[in-house]
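Bring the two chains, given one by one in their own frames, into a single complex with the hints.
For the protein sequence lines, the chains are Y and S, in the order given. Numbering (this note's numbering) for the first sequence: 1 to 417. Numbering (this note's numbering) for the second sequence: 1 to 65.
Each hint should be verified, as a subset may be incorrect.
[Claimed, not checked] In silico lysine-lysine, BS3-like type, Cα no more than 27 Å apart, as pairs:
| hint | chain 1 | residue 1 | chain 2 | residue 2 |
| --- | --- | --- | --- | --- |
| 1 | Y | 129 | S | 7 |
| 2 | Y | 117 | Y | 129 |
| 3 | Y | 311 | Y | 204 |
| 4 | Y | 350 | Y | 45 |
| 5 | S | 7 | Y | 117 |
| 6 | Y | 205 | Y | 172 |
Simulated from the structure, these hints should not be mistaken for lab results.
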Amino acid sequence: MTTAALSPAVPKPAHVADAVVYDFDMFQDPAYVADPHRRVLDMVKHAPPVFWTPRNGGHWMLVSHEANFVASRDVEAFSNGFATPAELSAIQLRMPPGTPHIPFPLPINIDPPDHGKYRLPLQRVFSPKTINELKDSIRVLAGELIDKVAAQGHCEFMAAVAEPLPVVVFLKMLGLPVSRMEEYRALVAEHMSDPTPDPMDSIKKLWKITALLRDDVLLRKDNPQDDIISMLWKAEIDGKPTTLDDMENYMVLLFLAGLDTVMNGIGHGIRHFATDLALQDELRKSPEQVGDASEEMLRRYTFTVPPRFVKKDMEFMGLQMKRGERAMLFLPAADLDPKVFPNPDTYDLKRENKTHIAFNAGPHRCLGSHLARVELQIVYEEMLARLPRFRLDPAKPPTFHCGHVVGVSTLNLVWQA
Amino acid sequence: MKIRIEKASCVGNARCAAVSEELFPLNDDGYIAVDAVDVPPGMEQIARRGARACPERIIFVVEEE
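Chain S on its own, in the form it takes in the complex (with noise of 0.2 Å):
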C-alpha cells in the first residue's frame, strides 16, 4: 500500500502526525514533509485512520493491486 499527499496543500493540522509520526513526518514548522509514503506490511489500518483524519483531505490511501 502506498500513500499519496499533495503536499502543497498542507496548512499544518498535523492530524496525521497525531495518529502516525512515523508514517507522515512533519517538518520544523509542523507541516508534512513528505509528499509519498510506502505503507509497511501491517501498518495499513493506521495509514488509513491518518489519511481519514486530514481536515483538508489531502492524503489519498493507494492500494495496490
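Chain Y extracted, bound-state conformation (with noise of 0.2 Å):
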C-alpha cells in the first residue's frame, strides 16, 4: 500500500475568510483514505458547515445538510457544467482539423432546461417499473456469485461480488459485451483515479473510453437490440434523430456511472454488516425489514461527492463565492448532519426520519437509484440468506480509496464454512 503526497495547497482568494478555511484534501486525506466515514464524522463536528479548502486547486466543501440540498436544487446559483455547450463547441473548433468529437457526459454536465432533453430518453429505462423487470435475473446472479465462495469460508467481497454483479447488469443493459469487463473496469479506474487540474487530460481520458465502445455502439445502430445502446440511436433529442456525438456524449456517462458506483454502496453495507453480527441476526429473523435496512446503510454511508460550479458572483449561506468557483456537494456529510438525523453515527434501523439523499437532490437526482436500490438490497438479502454470520478478516482489514466516489477498495471477509 502506497501513501500519496497531498495536493499543494493553494493561496486563499481574498474574498474566503479565514474562519472558513479547512485543511482537506478530498483525495488523500489519510484520515479520511483511511476509513472514510469516521473522517467524515469529525469534519461534520468540527469543520465549518461550509468551507473552503486549499487542496486540489482550492475549491469549496458544502458540509451540511441545508447547504448541501439547497445548492442541488439551486441551478441558477449553482452549475454542473464544467464547460457551457458553447464553450465546449469553441474548444472544438480550435483543434486541429480531423480531431475527434470532444465526448461531454450528459445529461450529468448540462444545466436545465437543456438538461431535460437529454435526460428524457433515459427516463423510461431506468423508472423503477423496468428495473423492477430486472429484479429475478439480478438474483440468479448475485445467487450465483455468492455460491462460488460460499464452501471456502472466505472471499475479497469487491472482487467476489460487490464488482462483478452490477458491472454484468449493467453492460447487458447496455448492449455491451461481458466478456470485455476487465478492459472496461480498467478503463474506468484509470479516469477515475488521477485528478489533475488540465482539462485536456480528462479530454483525453474521455476519447479512450470513446474509441473503446466506437465498434458496438455503431453495430446497434444497423442491428438493433433490446438494449440501451439501441433505444437510443432510436430516440430523439429535441426533435432530431440521435448523432454518433450524441451517443459518446451518453456513452461517456452511462459507463462512468454505471461502472463505479454502486459497487461502492455494496461494499459500505456489506463492511458495516460484518461489524455488526446483532442487526445480521435480526435480519435473517426478519428479512422484510432488509428495505429499511439499506435505506439506512445509504444515510449512514452516503458514497458520492459530485462537483458544481458557481454560477455568478454570489452570496450563499453568508459566504462570497466567485463565479467559476467549484463547490463539492459533501453529500456524506449532509446524511450525517445532527441537525437532520440525531445521533448521526448510531445505524438505527427503526430510525423514523430515513430520508436520505444519496442520490442527491434537485434535478441530477441519481439516474441510476432505482436500480442501485434493487441491487444493494437484492445482495444484503442473498448474502444474508446464503452466508451464515459473516465478520472482517482480522488479519487483512478493508482499504479504500476517495475522491467523487467514495468507495472500498477491498474487503475480507470471514465465515464458518
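Structure, rendered in C-alpha cells:
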C-alpha cells in the first residue's frame, strides 16, 4: 500500500475569510482514506458547515445538509457544466481538423432546461417499473456469485461479488459484451483515480472510452437489440435524430456512472454488516426489514461527492463565492448532519427519518437510483440467506479510495464454512 | 385528509410510491402523476409516511379542520 502525497496548497483568494478555511484533501487526506466515514463524522463536528480548502486547486466543500440540499436544487446558482456547450464547441473549433469529437458526459454536465431534453430518453429505461422487471435475473446472478465462494469460508468481497454483479447487470442493459468487462473496468479505474486540473487530460481519457466503445455502438445502429444503446439510437433529442456525437456524450456518462458507483455502496453496506452481527441476526430472522436496512445503510454511508461550479458572483449561506469557483456537494456529510439525523453515527434500523440524499436532490437526482436500490437490497438479502454470520478478516482490514466516489477497494470477509 | 404535491418539482425519486403506489401513482418515467390526493379514511398514516419519504420535500399533508 502506498500513501500518496497531499496535493499542494494554493493561496487563499481575498474574498475567502480565514474562519472558513479548512485543510482537507478530498482525494488524499490520510484519515479519510483510512476510514472515510469516521473522518466525515469528525468533519461534521469540527469543520465549518461550508468551508474552503486550499487543496486540489482550491475549492468549496458543502458540509451541512442544508447547504447541500439548497445548492443541489438551485441550478441558477450552482452549475453542473464544467463548460457550456458553446464553450466546448469553441474548444473543438480551435483543435486541428480531424480531431475527434470531444465527449461531453450527458445529461450530468448540463443545466436545465437543456438537461431535461437529454435526460428524457433515458428516464423510462431507468424507471422503477422497468428496473423491477430485472429483479429476478439480478437475484440469480447474485446467488451464483455468492455460492461460488460460500464453501471456502472467506472471500475478497469486492472482486467476488460487489464488482461483478452491478457491472454485468449494467453491461447487459447497455448492450456491451460482458466478455470485455476487465478492459472496461481498467479504463474506469484509470479515469477516476487520476485527478489533474488540466482539462485536456480529462478529454484524452474520455477519448479512450469512446474509442473502446465505438464499434459496439455503431453495430447497434443498424442491428438494434433490446438494449439501451439501440434504444438511444431510436430516440429523438429535442425533435432531432440521435447522432454519433450524442451517443458518445451519453456513453461516457453511462459508462463511468454505471461501472463505478453502486459497487462501492454495496461494499460500505457489507462492511457494516460484517461488524454488526446483531443486525445480521435480526435481518435473518425478519428479512422483510432488509429494504429499511438498506435505506439506513445509504444514509449512514453516503458515498458520492458531486462537483458543482459557482454560476455567478454571489452570497451563499453568508459566504462570498465567485463565478467559476468549484463547490463539492459533500453528500456523505449531509446525511450525517445531526440537525436532520439525531445521533447520526448510530446505525438505527428503526430510525424514523431515513430520508437521505445519497442520490442527491434536485434535477440531477441519480438516474440509476432505482437500479442501485434493487441491487443493494438483493445483495444484502442473498448474503444473509446464503452465508452464516460473516465478519471482517482481522488479518486483512478493509481499504478505501476517496474522491468524487468514496469507494471500498478491498473487503476481506471470513465465515464458518 | 388531502395531500398536495408540487408536481413540477418532482425529480423521480419514487420514494412516495415505494410507501404506497395506490396513494402516489407514477407515470411511465417514474415521476409523480398527480398533484393532489384525497386520502381515503384509514390511510392517513401511510399518507404521512409517503410525504415524509420524499427527499425533495415537495409532498405536503393538508389536515382537514
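Cross-check of the supplied hints:
Proximity of residue 129 of chain Y to residue 7 of chain S is assessed by CA-CA distance (about 19 Å); at most 27 Å being required, the pair is judged to hold. Taking the CA atoms of residue 117 of chain Y and residue 129 of chain Y, the gap is about 21 Å. The hint holds against a cut of 27 Å. Distance check on the hinted pair: residue 311 of chain Y and residue 204 of chain Y sit about 26 Å apart at the alpha-carbon level, within 27 Å; holds. For the proposed pair residue 350 of chain Y and residue 45 of chain Y, the alpha carbon gap of about 24 Å is at most 27 Å, so the pair holds.
At most 27 Å may separate the alpha-carbon atoms for a hinted pair to count; residue 7 of chain S and residue 117 of chain Y meet this at roughly 18 Å. A threshold of 27 Å between alpha carbons decides the hint, and for residue 205 of chain Y with residue 172 of chain Y the separation of about 23 Å falls inside it, so the pair holds.
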